[in-house]
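S.K.: Chains as they are written, first to last, in our numbering: chain A, 6 to 117; chain B, 46 to 162.
Simulated from the structure, these hints should not be mistaken for lab results. Since no wrong hints were added, every one of them can be taken at face value.
Residues of chain A clear of chain B, computed beta-carbon distances all greater than 12 Å: (1) Ser17; (2) Gln21; (3) Thr26; (4) Lys59; (5) Pro70; (6) Asp72; (7) Arg73; (8) Lys74; (9) Ser79; (10) Pro81; (11) Leu85; (12) Pro117.
Label pairs and their computed distance ranges (CB to CB): (13) B:Lys100 - A:Arg50: 24 to 34 Å; (14) B:Lys86 - A:Lys57: 32 to 42 Å; (15) B:Gly144 - A:Val64: 18 to 28 Å; (16) A:Glu19 - B:Leu162: 37 to 47 Å.
Each residue gets a CB set at the ideal place from its N, CA and C atoms; glycine is no exception.
So you can see what is in the structure, the chains are spelled out below.
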Amino acid sequence: LAKTTQPISMDSYEGQEVNITCSHNNIATNDYITWYQQFPSQGPRFIIQGYKTKVTNEVASLFIPADRKSSTLSLPRVSLSDTAVYYCLVGPGYSSASKIIFGSGTRLSIRP
Amino acid sequence: GAVVSQHPSWVICKSGTSVKIECRSLDFQATTMFWYRQFPKQSLMLMATSNEGSKATYEQGVEKDKFLINHASLTLSTLTVTSAHPEDSSFYICSALRGSGTTGELFFGEGSRLTVL
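Start from the sequences and build out the full structure, keeping to the hints where you can.
M.R.: Okay, here's the thing in structure tokens:
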């Protein structure tokens, strides 16, 4: 699996847009990019997945440049409840042969 | 959406005892489940891949005789921590795979916190 690099932590304020970037220089042609959110003492929760360009859902947007060596998770108008750890994963979909390896993640703290 | 349930959500046990943690996919069949452990303020560490009807595949450094994994049905995988010691205290998380390949989806359980006294 392609190794990912994310900032260890980020701070922001309520109502702001937060962008978290993930580097994955060794991404393979058939790899997808998936972001998860984890609250303390809970399992990770799927946020968004994409392959190229831009993907948007009801909670976030994912921007992927043409070279796909990085991706940016965008959280619009964050609230205190968005305080969590965000993980970027890269891999060729999921199968019994997959190794779902988590990187260090980004600890996002939202202040009032 | 799909739900993966873990039980118990927390457990306290004495050193030397064994503890079993269950992971169930409630509304789909999961041929493959994964087990992770997570220490405070650290990322999830993959322990093993559990495949229904076959032996689990353990990651390097994970003792298979210490962490017994059984995946006897398409909706249930269990992790048994044998002869638990305080250093085994951790947050254990399972995930279940629905489908496979690029259309596969991975769902995580709520986690189980083990404290060994």
